[in-house]
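Participant: Let the hints inform the model, and build the full structure from the sequences given.
Residues per chain are reported as follows:
There are 2 protein chains.
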Amino acid sequence: MTKPQESQDTPMFERIALIGIGLIGSSISHAARRANLAREIVGSARTPATVETAMRLGLIEEGYVTAAEAAEGADLVILCTPVGLCGPIAKEISRSLKPGAILTDVGSVKGAIVKDVSPHVPQGVHFVAGHPIAGTEQSGPEAGFAELFDGRWCILTPEPHTDGKAVEKLRAFWEALGSKVEIMTPEHHDLVLAITSHVPHLIAYTIVNTVSDLESHLQGEVIKFAASGFRDFTRVAGSDPVMWRDIFLNNREAVLEMLGRLYEDIALLQKAIRNGDGTLLHRVFTRSRRIRRSVTQAKQD
Amino acid sequence: MTKPQESQDTPMFERIALIGIGLIGSSISHAARRANLAREIVGSARTPATVETAMRLGLIEEGYVTAAEAAEGADLVILCTPVGLCGPIAKEISRSLKPGAILTDVGSVKGAIVKDVSPHVPQGVHFVAGHPIAGTEQSGPEAGFAELFDGRWCILTPEPHTDGKAVEKLRAFWEALGSKVEIMTPEHHDLVLAITSHVPHLIAYTIVNTVSDLESHLQGEVIKFAASGFRDFTRVAGSDPVMWRDIFLNNREAVLEMLGRLYEDIALLQKAIRNGDGTLLHRVFTRSRRIRRSVTQAKQD
Chain A
1 MTKPQESQDT PMFERIALIG IGLIGSSISH AARRANLARE IVGSARTPAT
51 VETAMRLGLI EEGYVTAAEA AEGADLVILC TPVGLCGPIA KEISRSLKPG
101 AILTDVGSVK GAIVKDVSPH VPQGVHFVAG HPIAGTEQSG PEAGFAELFD
151 GRWCILTPEP HTDGKAVEKL RAFWEALGSK VEIMTPEHHD LVLAITSHVP
201 HLIAYTIVNT VSDLESHLQG EVIKFAASGF RDFTRVAGSD PVMWRDIFLN
251 NREAVLEMLG RLYEDIALLQ KAIRNGDGTL LHRVFTRSRR IRRSVTQAKQ
301 D
Chain B
1 MTKPQESQDT PMFERIALIG IGLIGSSISH AARRANLARE IVGSARTPAT
51 VETAMRLGLI EEGYVTAAEA AEGADLVILC TPVGLCGPIA KEISRSLKPG
101 AILTDVGSVK GAIVKDVSPH VPQGVHFVAG HPIAGTEQSG PEAGFAELFD
151 GRWCILTPEP HTDGKAVEKL RAFWEALGSK VEIMTPEHHD LVLAITSHVP
201 HLIAYTIVNT VSDLESHLQG EVIKFAASGF RDFTRVAGSD PVMWRDIFLN
251 NREAVLEMLG RLYEDIALLQ KAIRNGDGTL LHRVFTRSRR IRRSVTQAKQ
301 D
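Residue numbers (the numbering used here), protein chains in the order written: chain A, 1 to 301; chain B, 1 to 301.
Keep in mind that the hints were calculated from the coordinates and are not lab data. On a predicted model such as this, the values are computed, not experimentally measured, just so you know. Yeah, the Cβ is synthetic: ideal placement off N, Cα and C, and Gly gets one too. A few of these clues could be false.
Computed footprint of chain A on chain B, listed as stretches where at least three residues anywhere in the stretch have a Cβ under 8 Å from a Cβ of chain A [to be verified]:
#1 30-43
#2 119-126
#3 195-206
With a straight-line cut-off of 20 Å between C-alpha atoms, the simulated DMTMM-like cross-links for lysine to aspartate or glutamate are [what the hints assert, rightly or not]:
#4 A:Lys-224 - B:Glu-69
#5 A:Lys-98 - A:Asp-75
#6 B:Lys-224 - A:Glu-92
#7 B:Lys-224 - A:Asp-75
Facilitator: See the structure below:
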């Protein structure tokens, strides 16, 4: 027997509930079906139209407008909403969670989610926070695809008291979705992501906004002649506004810390430009190129 | 007869001299050969190995280590060096330039180049500064390809006294290389490029450097988990250090002006994060997304 058929016989989960069916939720559905990881996938979304779309696309077998109904009887519940909704939804579904179920999330911030969700997790339910580092600037149930997690990292941030078997089962789930899995503390996760993702997005949003404040004749030309730098920035800044608002509100300390370090470094280059210090500029740019090579070699590009 | 054969019969230029054979110079050679724009393409580079590579790749028929030899007898001389070398090279080749020849460049800064080059242009030679807005983060003679300029803008910044026929001939040349051509003043060019390209690159270089200053255990993980934001930044920051040093040294005022505006906007978001002002963050991110759509619609992506 080949592997896919074996896993079809004994799916990893009986009922997976996706709470929120945007880019990540829909991609989990595609990837879970590809690997036959669930006997049934159900889901909920606040907007009825999203539920309808998810049903039409075959992403879920049953669709609900309340998270509690979707979570009912599921042995894996995945919160795929903006970060700020995880706490309120955990509270809402608390009494619907089945004993032994695994509860997880996909938020880009981990400390705040662990803090917001944990108080609502009933005895016997295993909460393991998670973050697949994968995405596109698209959003909504039609944006998902099965390959989104292939070869990408998924970080799990269990607490010291979290059930080890639940953590290993969730790790196996993400590996079956195509990811590589790493475990760290929520605080460490938030610091690493602040500099790799959150601050870069903040700058991208800012620079694109600076352009939208330009005198209109200049703005038109900026858009017309958008060169490589600005084009890359607008792509990053095209991401979902609610998702990013919640990330910044929930990773405040790490973002402000990293932004502070960035400010110091910009000031250094600004001064070098003002003083015509080509030696310093060249040294800094050469260092950047080295880091670029490290990233390329780490095969994350 | 088909068009390529017609243009083969009457090439636009007898002898094109590429002063500097990096990404742009080598791509001009590929694209000019594709459209049969020159009877002969010659070139020079400071490093003998570059000249050898260019000869081996068939980018040039004759290679020289001095710009003066390459410029000798050419009816089109293109300075494809970092911005800071344009003035010194113009001085060096001044006496080798043939009467009636067109002299141009491809630098990302125009005001400083016009100021540096113009004094060395002999009577009867037509200097028309130019900037093809195209590139990759690769550099060197092996990085070029014929399609680099296809559908991209090339900005020409002639002075009021510049010969109109020379401007039109250079426009036709760039169009034949695949570009769309626009004419504006050097000052306007520099302001538009400061915000679309120079400041974004400066920020990208900075953020990548901030990472290289992190504690080493954190730095390793940042590289390992490089998420989309940081990955895009490192790509931008992988560009040639000498080229970018010269850009910043030569577009100082516009870069500092735009950087000042950017600072104000970052400070606004920073304060919103500190105060937990989700409404402001959401409003700013929504605006950014609109600008992103404009860029996409302008087909520059």
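Participant: Which hints, by number, does the structure contradict?
Facilitator: Checked against the structure, the hints that fail are numbers 1, 2, 4, 6, 7, while the rest are satisfied.
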